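Chain A is already provided as a structure; the job is to place chain B on it using the hints.
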Amino acid sequence: MAGKVGCALLLAVLFAAAAVSRTSFAVFLVSLAVLLVGFLAWYVRTLRRDVTVTLQLPARPVHPDEDFAVLVKLHNNGRRPVPELRVVLQAVDAESGTAIELPCGAMLAPHQCADLRVTLRAAKSSLWRFRVREATVRDPLGLFAAHCAVPPQSRELCVLPPAEGEDDGAGTKPQNCAEKVTAAGCDLTDGVYDLRPYRAGDSPKLIHWKLTARVGELTVREPLGATYRADPAGSVLAEGADAPQQLLHFGQAAVKRLRRLTRRKDTDPATGLVFVDRVLLPRTKAAAHPMAETAADLLISELLALGLLTALNGAFALALPIWVWLGVAALCAAWPALHRVPLSKAGRYGVALALAVGYLVLLFAVQQPFLAGAAQCADAVRLCLDTRFNANFVLSASPVSAQMGLFALLTAVPFTMFLAALTARHTDALLLGAVLLPIVVFTLLAGTGRAVLGWLLLLPGWLGSCAAARSLVRKRLWRGKGSAVYAANLQTHRINQRLAGVGMAAICAVLFLPALALRPVLMLPLNALQPVTDKICAAGLSAAIEWLPKISGGALNFHVSAAAGGVEDGSLTRGDGLALTGLEDIMVTTDAKPEETVYLRGFIGVDYDGTSWQAGNAAAFDSAAANWKTDGDGRLAIANLPFLRAAYSGAQPRQMTVQRLHANDAYTFAPYNAYFNDYYTPDGDGAIAGQTVQDDMFYYFPRKQAKELLAARDDDDAGVLDRLESAYAAYVRARCLDVPDGAGYDAIDKELAALVKERKLRDDDIDGRRALVRSWLNEHCRYSADAETPDDTDPLLYFLSESHTGSSTQFASAAVLLCRMVGLPARYVVGYAAPQSLFTAAGDGSCRAVLQDDNAHAWAEIYLSGQGWTPLEVTPGMTAELTEGELAADAAQAGQNAADSDTPLPARQEADSPTETPQSVPLLWVLPTVLLLLVLALALLRRARRTPLQTVQAEFCALHRKMRRCGLAAEVSSDEAAFAEFLQTHCPQTDRETVQHLLDAVQAAQFAPDPCTAETAQEVRALCRKLRKKLCRRTV
Amino acid sequence: MQNINEKALAVTAEVSKAVLGKPEVVLKIMMAILARGHVLIEDIPGVGKTTLAQAFARAMDLTQNRVQFTPDVLPSDIVGFSLYQKETGKFVYHPGAVMCNLFLADEINRTSARTQSALLEVMEESAVTVDGVTRVLPQPFTVFATENPVGSVGTQMLPESQLDRFMVCVVMGYPDAEAEMEILSRQPRRALLDRVQPVMDKNDLLAMQQQVDAVYMSDEIRRYIVELSRATRQDSRLMLGLSPRASLAVAGMARAAAFLSGRNYVAPQDITAIFADAARHRLCLTEQARTGGDTVQNILDDVLHTVPRPRPEKPFHGR
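So the sequence lines, in the order shown, correspond to chains A and B. Going letter by letter, the first sequence gives residues 1 to 1036 in the UniProt record's numbering. Going letter by letter, the second sequence gives residues 1 to 319 in the UniProt record's numbering.
The shape of chain A in the complex, shown without the other chains:
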């Protein structure tokens, strides 16, 4: 039971880790656990067939106060070890019904025989029925138990009454009493009891008070066999010594409780049976292989240590040098070897002391690099936390692999010693689990999951050592240390441990492949759970963000920089970040309600390096800007250019305050056409770095207004700004038209060039080119919020040429690339898009919008001469924000497409309703199938696990149901004559004896004292099926 609870708990922990982290390894782990549990259930069911249990009692009756031995003979017929065999021996007093249960434990090596010898002593004359109540085997991990076949019949042992003259101490008194009574004229031979003086330990119930009063000495009745009945007080409850009978009149709960209390687990003189001794005697010696055993120990400890090291190294990217592995492997081999060196006790302690001192001295000598290594390891862990949860932990030192290696190796010394001690002695699985499980869960949650090899090593080692440690230690049954029995038992125990450990590790390794196959099936429910786990994660993080600074007084400032719905700046793959739904990122306040979507620019990517977008080259921009002869900072002048030009027309700018709540503080989130004062520093050509000097309050022109203003400006005015603009335009053309190399990109480039040619777009037809890009994306790609990109592929190319499904990051990146291919300078922007509807009017006439993490967005911007950078929205679902002109161009393009092909707008429609995901199709049939299979397996398992009694009941119930359908009245019970008559009349050619035999067998199975045998169950099943068939025929 405990094993099953533990197993369920472990599975739950693993599943929770898998659900939260969704790293493929966690899913793999859960698959493996599921397979392993199934395997163990099967294993233990087959294991029980190998074990036979027989009971042997003394052949002759025994005398009271004479020791006698009850032998439970155990035999393992199979090649597998039986790590734990639990036998419950039951003795029932035939007279009083008192039941005594003696639990004994044993273990059996392959092909081994052993005897459990229970020595008992009877205190008084009676008839005892002995039987093996149950014999249970357990699997190596102790999760499942199965009952072995035990002899159903009980064996009887007669304890003779005490011989004449033996009772010398009190021999005279009974005669006296008898004399007194017989003298009074009553024949005692007809009485139901004998009389004798009171002895210490006699029950007060037995005292004959009337006689005691007459004789003047305590006199008790000695029952003569089973005829003993009631005491003179006439109390009903004292009738008989059978406790359950007394309890007839109490409530059910009280009956249960009292029965539990009265059922004796052990023996004592009051019950008449005294327990003397128990011992496990191996009859055949288990075969020992010392070399193989040492190899088993070594294998498990190496697996554990190297697995853990590899897992940590991979998960936290520690980059440990190779000599650390070699060192740990050597340490693992050294500890057991040291353990086997024959040394005296004093010598052992001396060596241990010397080693400890040496270790401390070494630690002291290298303390500087050791501490540095520790700090670097901590940094590595923090870095992983940063990337995983977008946290802002401060990193200190740059890693030096040698220092980290030193730290790892020196830490490994005590740890490997601990592992080696655990595996060599195989003592405590709980301790091992307590140490390893937190490490595993933490690594799974915090690490990057790139540690598959480590996990593959660690898991067999862990399970193997758990299995070895589970091997039962019941030294109470082994006799004293130094005896031959003890040595033989110890040897069996060691062999069992090693075999179980190595066997478990091997099984685990074998199960890897099917577990890999099972992974996609498990992935489906995890995917379904994803929104829930996301919410839980986000809520947890939000709470941490809110409460950590309060609790720690500002020392722990767990700050989340959320951008683009959990996607890191410039990154195109999901999964490295966490979408924090419900977390408030930014509050925007404007002086009037905006007429269009407000785009707040954060990160700006210029160069695509094959995996992510990178910010522009700041140094190149600085040197370029130096030549543009601006007053003050050239970079700011460029950033302010659209605002300044629009402001020259005399229009009144709008005002906007951006308050950063939990948004990434590396950037200033600013609208288009805003004015930046001197406190802002543009980071090269792109993002404005975040600042804390002042509030982010901007004067800006809405995009539509700016476009009109800029278009209407006087072309003849060739001022400073014009010169600056043309210089910047040249710079942009030089920088923002790069397309990455590669065959995939070339193909798209050619396709687009063909399209441009086909549509006869002129060089200055910017609207046409923009519409071309948009229509190309709409035709080829569709939207999916949780599209995944496989590792080690170019996410952009994968999106463009293979998956064609993606979110705003993919769409924006693709748009940037396509624009560059058709000759429009473009950049990639990550920030926030605040739709018009989000703004609500505040009391003072201003409007306010709180942007949450799901308002994070990525889009493309193109450079238009005279207009500056303008956003280009391509993400489906955001097209509502397009301007009328863009929509008209799109419509024209779409019309052209419709004329070209017979399939009008299929992709577009799909893109507008991104509901159907490809994963939901297999989900539809895989889940029901799996459920069906599970139910089927459970039903089969239950059927196979039926006891003979349950079989009889089930078969008879089925027969009864059938009879009910054939017209038997519901209230007719099977013990009534009408039942048998019905069967006889409705089943042709059925004689009375058969029916009566069946009914007797069924009744006996349920009500008789002897447990139902398998043969009876078979017979009843056959009879019931025959009768049911006959009933069927009749009804047909």
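Keep in mind the hints are simulated off the structure, nothing from the lab. The structure displayed is predicted, hence computed values, not measured ones. Just so it is clear, CB atoms sit at the ideal spot from N, CA and C, and this is done for glycine as well. Keep in mind that a hint or two might mislead.
[Stated by the list, open to error] Straight-line alpha carbon distances no greater than 30 Å define the calculated DSBU-like cross-link-like pairs of lysine-lysine that follow:
#1 B:K202 - A:K210
#2 B:K314 - A:K1026
#3 B:K314 - A:K1029
#4 B:K90 - A:K210
#5 A:K1030 - B:K314
#6 B:K314 - A:K962
#7 A:K285 - A:K535
#8 A:K205 - B:K202
#9 A:K535 - A:K550
[What the hints assert, rightly or not] If we take Cβ atoms under 8 Å as the criterion, some of the chain B residues that face chain A in the derived model are:
#10 N148
#11 A214
#12 Y216
#13 A267
#14 P268
#15 D294
[What the hints assert, rightly or not] Here are the in silico distance ranges between beta carbons for each label pair:
#16 A:P61 - B:D131: 50 to 58 Å
#17 B:P198 - A:T994: 43 to 51 Å
#18 B:P198 - A:L127: 26 to 34 Å
#19 B:Q297 - A:L9: 44 to 52 Å
#20 B:Y84 - A:E66: 52 to 60 Å
#21 A:A937 - B:T286: 38 to 46 Å
#22 B:T286 - A:L932: 54 to 62 Å
#23 A:D65 - B:P198: 38 to 46 Å
#24 B:Y84 - A:A94: 30 to 38 Å
#25 B:H305 - A:L932: 39 to 47 Å
#26 B:P198 - A:A94: 25 to 33 Å
#27 A:T119 - B:D131: 48 to 56 Å
#28 A:E156 - B:P198: 27 to 35 Å
#29 A:T994 - B:H305: 24 to 32 Å
The following block gives chain B in isolation, referenced to the frame of chain A:
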């Protein structure tokens, strides 16, 4: 067991030779004897109560005494008395009528309450105490008491507490026409009894009683008995429900019934067969029920009908 069981059945067969047409009554009384209980026969005179007792005594080779209870019967007539003997100068105990294996107490309701209680005490303790000396009664010991339900002039009905001590109450009733014709054909009357041959002795009976005690009763059956008792206690039509002693009586009778059926365990049909006989005399109707026309018998039928019986085709879960 089979062997002894056959002996018990042989006894009933022998008794049935003398008591014609009443096999169920004979069987029930046999069960009560096997369960060490005492029998109350409620019936009018002349239906063969004495013959029944004598037939049992003969068939089982038991000593039998009979006392016709009248208002002037004294306790000492039952339990015996000590008489001073001049020759020896000692008091000598003269055993009463109860010193036998099978005691027939005829019309027990006609005697004084004192005598009734003396007998009931003997029944309960299986021992008599005269002048401070306790004497154990011979074993086995069974009392057959008869009660005349009509003609209640000058009778002292046994109170409920005393009725409770009888294990079973049977009603003999008139024999049917054929049986009565058969009885008439036997002249003299003793000839009927002469046909009864002893088929066992009291040691066999003692052994059988032990066997009956060893009959196994499963938890379900015990629960069933308890539920039946509780149902009578909760029935609003009854003033008094079944006592725990009654439950014990039901259990004992059921064991004996199972024994007679040749089983070593109690099955539900054993309970249903004997429940009414073991319970009838212990129940007391309320005034409303009495005036409403309810009888104890139909209440018992209701109880047997409503309490779910353990049935193999509807197994109890959690056994």
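Tested hints:
{"no.": "1", "hint": "B:K202 - A:K210", "in the structure": "28 Å, holds"}
{"no.": "2", "hint": "B:K314 - A:K1026", "in the structure": "20 Å, holds"}
{"no.": "3", "hint": "B:K314 - A:K1029", "in the structure": "21 Å, holds"}
{"no.": "4", "hint": "B:K90 - A:K210", "in the structure": "23 Å, holds"}
{"no.": "5", "hint": "A:K1030 - B:K314", "in the structure": "22 Å, holds"}
{"no.": "6", "hint": "B:K314 - A:K962", "in the structure": "13 Å, holds"}
{"no.": "7", "hint": "A:K285 - A:K535", "in the structure": "60 Å, violated"}
{"no.": "8", "hint": "A:K205 - B:K202", "in the structure": "28 Å, holds"}
{"no.": "9", "hint": "A:K535 - A:K550", "in the structure": "23 Å, holds"}
{"no.": "10", "hint": "N148", "in the structure": "28 Å, violated"}
{"no.": "11", "hint": "A214", "in the structure": "7 Å, holds"}
{"no.": "12", "hint": "Y216", "in the structure": "4 Å, holds"}
{"no.": "13", "hint": "A267", "in the structure": "5 Å, holds"}
{"no.": "14", "hint": "P268", "in the structure": "5 Å, holds"}
{"no.": "15", "hint": "D294", "in the structure": "22 Å, violated"}
{"no.": "16", "hint": "A:P61 - B:D131: 50 to 58 Å", "in the structure": "44 Å, violated"}
{"no.": "17", "hint": "B:P198 - A:T994: 43 to 51 Å", "in the structure": "39 Å, violated"}
{"no.": "18", "hint": "B:P198 - A:L127: 26 to 34 Å", "in the structure": "30 Å, holds"}
{"no.": "19", "hint": "B:Q297 - A:L9: 44 to 52 Å", "in the structure": "60 Å, violated"}
{"no.": "20", "hint": "B:Y84 - A:E66: 52 to 60 Å", "in the structure": "53 Å, holds"}
{"no.": "21", "hint": "A:A937 - B:T286: 38 to 46 Å", "in the structure": "59 Å, violated"}
{"no.": "22", "hint": "B:T286 - A:L932: 54 to 62 Å", "in the structure": "59 Å, holds"}
{"no.": "23", "hint": "A:D65 - B:P198: 38 to 46 Å", "in the structure": "42 Å, holds"}
{"no.": "24", "hint": "B:Y84 - A:A94: 30 to 38 Å", "in the structure": "49 Å, violated"}
{"no.": "25", "hint": "B:H305 - A:L932: 39 to 47 Å", "in the structure": "44 Å, holds"}
{"no.": "26", "hint": "B:P198 - A:A94: 25 to 33 Å", "in the structure": "30 Å, holds"}
{"no.": "27", "hint": "A:T119 - B:D131: 48 to 56 Å", "in the structure": "53 Å, holds"}
{"no.": "28", "hint": "A:E156 - B:P198: 27 to 35 Å", "in the structure": "32 Å, holds"}
{"no.": "29", "hint": "A:T994 - B:H305: 24 to 32 Å", "in the structure": "30 Å, holds"}
The earlier numbered hints that this structure contradicts are 7, 10, 15, 16, 17, 19, 21 and 24.
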